[in-house]
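Enquirer: The lines below spell out each chain.
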Amino acid sequence: MTSTEATRADVCALAVAECFRGDGEIMVSAMGTTPSLGARLAKSTFEPDLLMTDGFNLLLRRALPLGAKPTDGDVEGWMPFGAVFDTLWWGRRHVMMGASQIDRFGNQNIACIGPWEHPKAQLLGVRGAPGNTINHVTSYWVPNHNARALVAKVDMVSGVGYDRAASLGPEGSRFHEIRRIVSNLGVFDFNTPDHRMRLVSLHPGVELQQVIDNTGFELVIPEGVDTTPVPAPEVIGVLRELDPQGYAQKEVVV
Amino acid sequence: MNDKRMTVDEAVAEVTDGMTIGIGGWGSRRKPMAFVRALVRKGVKDLTVVSYGGPDIGIFCATGQLKKAVYGFVSLDSIPLEPHFRQARQNGTLDAVELDEGMFLLGLRAAAQRLPFLPTRAGLGSDVLKINPHLKTVKSPYDDGEEFVAVPALNVDVAFVHMNRADASGNGQALGRDPYFDNLFCMAAKKAFMSCEKIVSTDELVSGGPLQSLLINRMMVSGVVEAPGGAHFTECPPDYARDEKFQREYAATAKDEEAWKAFRAKYLDVSEADYQKAVAS
Chain A
1 MTSTEATRAD VCALAVAECF RGDGEIMVSA MGTTPSLGAR LAKSTFEPDL LMTDGFNLLL
61 RRALPLGAKP TDGDVEGWMP FGAVFDTLWW GRRHVMMGAS QIDRFGNQNI ACIGPWEHPK
121 AQLLGVRGAP GNTINHVTSY WVPNHNARAL VAKVDMVSGV GYDRAASLGP EGSRFHEIRR
181 IVSNLGVFDF NTPDHRMRLV SLHPGVELQQ VIDNTGFELV IPEGVDTTPV PAPEVIGVLR
241 ELDPQGYAQK EVVV
Chain B
1001 MNDKRMTVDE AVAEVTDGMT IGIGGWGSRR KPMAFVRALV RKGVKDLTVV SYGGPDIGIF
1061 CATGQLKKAV YGFVSLDSIP LEPHFRQARQ NGTLDAVELD EGMFLLGLRA AAQRLPFLPT
1121 RAGLGSDVLK INPHLKTVKS PYDDGEEFVA VPALNVDVAF VHMNRADASG NGQALGRDPY
1181 FDNLFCMAAK KAFMSCEKIV STDELVSGGP LQSLLINRMM VSGVVEAPGG AHFTECPPDY
1241 ARDEKFQREY AATAKDEEAW KAFRAKYLDV SEADYQKAVA S
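Protein sequence lines, in the order shown, are assigned to chains A and B. The opening position of the first sequence corresponds to residue 1 in the working numbering, with each subsequent residue numbered one higher. The opening position of the second sequence corresponds to residue 1001 in the working numbering, with each subsequent residue numbered one higher.
Check before you lean on any hint, since a few could be wrong.
[Said to hold, decoys possible] Computed from the model, here is a short list of chain A residues facing chain B with C-beta under 7 Å:
no. : residue
1   : N57
2   : G77
3   : P80
4   : V126
5   : P130
6   : G131
7   : V160
8   : G172
[Said to hold, decoys possible] Simulated pairs of lysine to aspartate or glutamate, EDC-like, Cα-Cα distance not exceeding 20 Å:
no. : chain 1 : residue 1 : chain 2 : residue 2
9   : A       : K69       : B       : D1178
10  : B       : K1004     : B       : E1226
11  : A       : K120      : B       : E1244
12  : A       : K69       : B       : D1239
13  : B       : K1136     : A       : E171
14  : A       : K69       : B       : D1095
15  : B       : K1068     : A       : E117
16  : A       : K69       : B       : E1226
17  : B       : K1130     : A       : D155
None of these hints come from the bench; they were simulated from the model. Quick caveat: nothing in here was measured; it's all calculated off a predicted structure. Positions of the beta carbon are idealized from the N, C-alpha and C atoms, including for glycine.
Pulled out of the complex, with its shape left as it was, chain A reads as follows:
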């Protein structure tokens, strides 16, 4: 990828980066290609204080291109799994996870399809999603926005949504926040009175009806929906440097 014209994947990467704006000196854990690229874009541009690992156990002082191996000069600290758990329970973390299914309150499923006792399809399992979502800020990335992913009811609640968190009361839910969902079609949040999912912006070239038709529940649609910002040429330049192989371009369904 050498073109300086913004693709849908570039728009998504910037929208992901924007999820981390204002986070400051906390650890970002971004699962998957576009989340990794977006988080690195944020660190390289407007959120230089973010802490990020190499995906294993090294904290890196600068954002490396996707797939690049860190050298000793890139390292600033150590984050083995024991320290990851301590950090997430401490709350100084913002994770962006994928979601095989997600509902209108942001309940996320990565565990299985069908009944858990005898799944039709075993997926990843709940992994760290329950602990992440109840302890610190979470955002989600959905590369293929359709009515099988954005569903009325998820098969198994792995990541906790707003209705489940509210049922815990103000004490139990006080560290719960789902910042935003970025899909290949738009950006969504939960800034509504009852924390139902709201359309924030449509990516350039996406029609509102396309989002409605591909969402398995009724979204809150405010008047005058914005268009997701398109990265400026210099931002596209940073994205090309951070993803020279164009991995994110292949991930995003247009």
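Starting from the known structure of chain A, arrange chain B on it as the hints suggest.
Expert: Same frame as chain A, but now just chain B:
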């Protein structure tokens, strides 16, 4: 000091049908695979395995030795979902206790500290509590009165871990960048066994890496096994990386009964020495 050196087969002699075993490492990283292979040769049945799961759980699913799996995940890392585990789950043949990864750690810590449980927010509001009706919550006895998940201790009968280096009396060294939780597995167990790439003198052990790498001390283990390649095909840095080619071959056997039989005959129904010869060729 006690000389605790023994063979893998002597170590697994302690394991009998129906036991709960803890397996160290993480996913497809520094797994005590020589012990796993020895348990397959021994043919113990109805095992409960407690593990940050990888091919250990997968292999026991495939051999039918596993009754119950207690896990935070079961992954081969470069292959996100363990294929034999997937098969067992989708066939409905496995009794599974699926926990959040952090809950799993607290269960190990509780066992190591001889506590019945440790409290956490992880799991609250999620279906982890629904699929595990044995999990209970606990109310803070202090003024906050907050409700937490009480993660029950993950006590195990026998634990197995693999280190880079060890001495004959059971001091063990993890030279990779992540110690994982192998010390807790040993402390959560009635008895623990450690394999290693190389048994060295205590002097060599202490000078072979930073003191922080001495993760296991001799109180924690009843036996030490020198098993070069003992974590193969999982990674054991800095000694070796994961054998991705071999792992792909293993993973492919989940979809092909004949391929699994051939894999088992070639790599599992053989001695550890013959296994190492087979993978070297």
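Enquirer: Going through the earlier hints one by one, which of them does the structure break, listed in rising order?
Expert: 2, 11, 14, 16
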